[in-house]
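On the provided structure of chain A, position chain B as indicated by the hints.
There are 2 protein chains.
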Amino acid sequence: MQALPGFRDFLPSDCAARNYIFARWRDVARRCGFVEWDGPVLEPTDLYQKKSGPEIVTQLFNFTDKGEREVAMRPELTPTLARVVAAHEREFRKPLKWFSIGQFFRYEKQQRGRLREHFQLNCDIIGETALAADIELVALCIDIVRAFGFTEKDFVVRISDREFWTEFLRSQKVAPERWDEILQVIDKFGREPREKTTEKLGQLADPVLRILSEGGKSEKLDQLVDGLRARGLADFVDVDVRVVRGLAYYTGIVFEVFDRAGKFRAIAGGGRYDNLIEQLSDGAVSIPALGFAMGDVVLGELIRETASAREAMQKATAAEQKIDIYIVIAKEERRADALAQIQKLRDRGYRVDYPLAPDKVAKQFQTAEQLGAGIAILFGDEWPQVKVKTLATREEVLVLHDEIITRVANLL
Amino acid sequence: MQALPGFRDFLPSDCAARNYIFARWRDVARRCGFVEWDGPVLEPTDLYQKKSGPEIVTQLFNFTDKGEREVAMRPELTPTLARVVAAHEREFRKPLKWFSIGQFFRYEKQQRGRLREHFQLNCDIIGETALAADIELVALCIDIVRAFGFTEKDFVVRISDREFWTEFLRSQKVAPERWDEILQVIDKFGREPREKTTEKLGQLADPVLRILSEGGKSEKLDQLVDGLRARGLADFVDVDVRVVRGLAYYTGIVFEVFDRAGKFRAIAGGGRYDNLIEQLSDGAVSIPALGFAMGDVVLGELIRETASAREAMQKATAAEQKIDIYIVIAKEERRADALAQIQKLRDRGYRVDYPLAPDKVAKQFQTAEQLGAGIAILFGDEWPQVKVKTLATREEVLVLHDEIITRVANLL
Numbered sequence: 061m062q063a064l065p066g067f068r069d070f071l072p073s074d075c076a077a078r079n080y081i082f083a084r085w086r087d088v089a090r091r092c093g094f095v096e097w098d099g100p101v102l103e104p105t106d107l108y109q110k111k112s113g114p115e116i117v118t119q120l121f122n123f124t125d126k127g128e129r130e131v132a133m134r135p136e137l138t139p140t141l142a143r144v145v146a147a148h149e150r151e152f153r154k155p156l157k158w159f160s161i162g163q164f165f166r167y168e169k170q171q172r173g174r175l176r177e178h179f180q181l182n183c184d185i186i187g188e189t190a191l192a193a194d195i196e197l198v199a200l201c202i203d204i205v206r207a208f209g210f211t212e213k214d215f216v217v218r219i220s221d222r223e224f225w226t227e228f229l230r231s232q233k234v235a236p237e238r239w240d241e242i243l244q245v246i247d248k249f250g251r252e253p254r255e256k257t258t259e260k261l262g263q264l265a266d267p268v269l270r271i272l273s274e275g276g277k278s279e280k281l282d283q284l285v286d287g288l289r290a291r292g293l294a295d296f297v298d299v300d301v302r303v304v305r306g307l308a309y310y311t312g313i314v315f316e317v318f319d320r321a322g323k324f325r326a327i328a329g330g331g332r333y334d335n336l337i338e339q340l341s342d343g344a345v346s347i348p349a350l351g352f353a354m355g356d357v358v359l360g361e362l363i364r365e366t367a368s369a370r371e372a373m374q375k376a377t378a379a380e381q382k383i384d385i386y387i388v389i390a391k392e393e394r395r396a397d398a399l400a401q402i403q404k405l406r407d408r409g410y411r412v413d414y415p416l417a418p419d420k421v422a423k424q425f426q427t428a429e430q431l432g433a434g435i436a437i438l439f440g441d442e443w444p445q446v447k448v449k450t451l452a453t454r455e456e457v458l459v460l461h462d463e464i465i466t467r468v469a470n471l472l
Numbered sequence: 061m062q063a064l065p066g067f068r069d070f071l072p073s074d075c076a077a078r079n080y081i082f083a084r085w086r087d088v089a090r091r092c093g094f095v096e097w098d099g100p101v102l103e104p105t106d107l108y109q110k111k112s113g114p115e116i117v118t119q120l121f122n123f124t125d126k127g128e129r130e131v132a133m134r135p136e137l138t139p140t141l142a143r144v145v146a147a148h149e150r151e152f153r154k155p156l157k158w159f160s161i162g163q164f165f166r167y168e169k170q171q172r173g174r175l176r177e178h179f180q181l182n183c184d185i186i187g188e189t190a191l192a193a194d195i196e197l198v199a200l201c202i203d204i205v206r207a208f209g210f211t212e213k214d215f216v217v218r219i220s221d222r223e224f225w226t227e228f229l230r231s232q233k234v235a236p237e238r239w240d241e242i243l244q245v246i247d248k249f250g251r252e253p254r255e256k257t258t259e260k261l262g263q264l265a266d267p268v269l270r271i272l273s274e275g276g277k278s279e280k281l282d283q284l285v286d287g288l289r290a291r292g293l294a295d296f297v298d299v300d301v302r303v304v305r306g307l308a309y310y311t312g313i314v315f316e317v318f319d320r321a322g323k324f325r326a327i328a329g330g331g332r333y334d335n336l337i338e339q340l341s342d343g344a345v346s347i348p349a350l351g352f353a354m355g356d357v358v359l360g361e362l363i364r365e366t367a368s369a370r371e372a373m374q375k376a377t378a379a380e381q382k383i384d385i386y387i388v389i390a391k392e393e394r395r396a397d398a399l400a401q402i403q404k405l406r407d408r409g410y411r412v413d414y415p416l417a418p419d420k421v422a423k424q425f426q427t428a429e430q431l432g433a434g435i436a437i438l439f440g441d442e443w444p445q446v447k448v449k450t451l452a453t454r455e456e457v458l459v460l461h462d463e464i465i466t467r468v469a470n471l472l
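Sequence order for the protein chains is A and B.
Read left to right, the first sequence gives residues 61 to 472 (the working numbering).
Read left to right, the second sequence gives residues 61 to 472 (the working numbering).
Take the hints with a grain of salt, since some may be wrong.
It does not matter which identical chain is used: a pair holds within one copy or between any two.
[Claimed, not checked] Below, computed lysine-lysine pairings styled on DSSO-like, alpha-carbon distance capped at 27 Å: (1) 110 to 280; (2) 248 to 233; (3) 323 to 126; (4) 126 to 110; (5) 382 to 154; (6) 111 to 126.
Hints listed in this document are in silico derivations from the structure and should not be mistaken for laboratory results.
Just chain A, same shape as in the assembly:
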């Protein structure tokens, strides 16, 4: 039997890589003053339809549960965030700076590398309209990618502003009902034949194409870049008004993170969605918000493709999986004595392993090396002394068994 198509088993080395990513996500988010929260993996299907329309259902793992409820495995976190914030926002000082690490599910058509589950970091700031919040969010996103050893040569944050376009459309006297449709055309620019774009834009084709080729500017975008420059992060961003992000609910700054070489899909993406919580809470709570999401799959691919990042990960995961001490039981009569010391060492926080069944001494030392132990301690004929061996230097020293703890503290 195999795992379902699109679902991953995480063998110890895969799980170590996953934990490595989670640890950096968590660490940087906390450094930036974000606190962790989470929601359920299963939610009412309605919650997602309300945000994304009925067509979302074709991409969901959704079903009717045994209580006749329409439920879905979560495809994204934002609707849950809106639900939770609407219910609890008054309990918290604003702005909220919240992050979450969890698994999400989409019934995607099977393609190479397309999974049906992935893990995602979500970071959101709720309750702040100031542009400083947008700067903080983009800076956090950059800092997180940097934490994996990537530099401005490896990745770029493409930043745009929905308002840049809505102001343009207003100046062109385009009816607001048509804005979404035109933004969708701009979103597809470069991925659709030029004639199709021109045809769809009609009278707007000339000015829009001019902006798209010459680039757009706005005071807000300048201020955003200035804020990032003050933090030394300007080299990580490009203002690029071609970025609009497909989703209708964005209301301001939007951004996407790509590898500079353009080999991969987006590493992360997000923006400001000031009206979404109001919409999803049926008007109960109106509160501005902005956020981004970063998945583990593209990020993981980029780490594995980039020598420096890959080596940093391998070094960290190897250190994380190493044990400190291996206990060699040379005489079975000493097993009880060994167990007593193992317990004491573990109680002090050392990672300690030992053979569960009798084994040759040479074999046990081999296991000690394979497990990455720094020290091996041999319980045998020397009792009440034991042999403490530093594996890197092969130095051995005889120690009385009740002095093991002190000796180990000096060696590790």
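Same frame as chain A, but now just chain B:
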């Protein structure tokens, strides 16, 4: 809109408690030489029916996916473990010592405190028949509960041996086909009227009830307790042959962890299941195994009910959620200078927060206190100096902005 019945939202304080539990689970498992792995949250429904029979389906969140596959949200980890071990065991040195932390789902009838999801730690040793493995597993289980500040006064591991009973049944010439049925009766002892037990046991009633009232003994159980005594853990265990655990697949030592006061359901439970991997892999791989699972719900209740454990958790989660430094921006003209320092401090690993919008200085200091900052740094009229204030002592010192890093390193 609310979460589905039986599903939890994890607000920041709930999430901190969850992370506290996960961190201790992970830490102690690693100390004992266990490595982390994980499987998919969604698996073929068959995988669970194969282990537990068709009736398991009534308790599953199962459905037909868009590819016409019968799938289920995992109710437990062991079938996935068997699947993964059967596929990969040859890649690893035996014994495997694996642990996993994940979420599991059961469509339980709604009752107070009964959730439909919970998180569970699973620890398994695969590929070792020696009793030393059983001792190691029980010791790990004890060490994990101890890591939350519980002592032998708070909890007990009740240990039994399936073989004790199967040997008894063999000596009584009971046909093996009836063993499971009789073990089920013993499992229900004390929870069913005595007459019902007597009736079901028939001729076996007298000897079985004698064992249940006088207690059972065996050499293996004595050796198990001796092994735990060598580690100083004998006071945490009671041999209690009334424990058989309902599940048919156990083949040897079985154990359950309870609070001494008997207020809660089992904190953890497990045992040896030497034939299960062979059965689940259709005979492809025959390998002995043993393991236990511990959920977050009962453990969490016990922590909250026990003053010392609760205080340890509160202390740890408060420390975990604290920021190090709050930046007070007294003059908006200094925001860019502040951002530059914030970036530097965060890059050095400090947790730093600051106001995203202009705010009164007194308000900002209040926020600094609420966030648990050790230090506040004020950017204002003193520029190019800044005021560094140690919040606990209220001591203030003026520091040149390019000396902040050095000064902070001395203070934190």
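Structure-based check of all given hints:
no.	hint	verdict
1	110 to 280	neither (31 Å within a copy, 61 Å between copies)
2	248 to 233	within (22 Å within a copy, 78 Å between copies)
3	323 to 126	neither (44 Å within a copy, 31 Å between copies)
4	126 to 110	both (23 Å within a copy, 21 Å between copies)
5	382 to 154	between (42 Å within a copy, 17 Å between copies)
6	111 to 126	both (25 Å within a copy, 22 Å between copies)
Hint compliance for this structure: hints 1, 3 are not met, and every other hint is.
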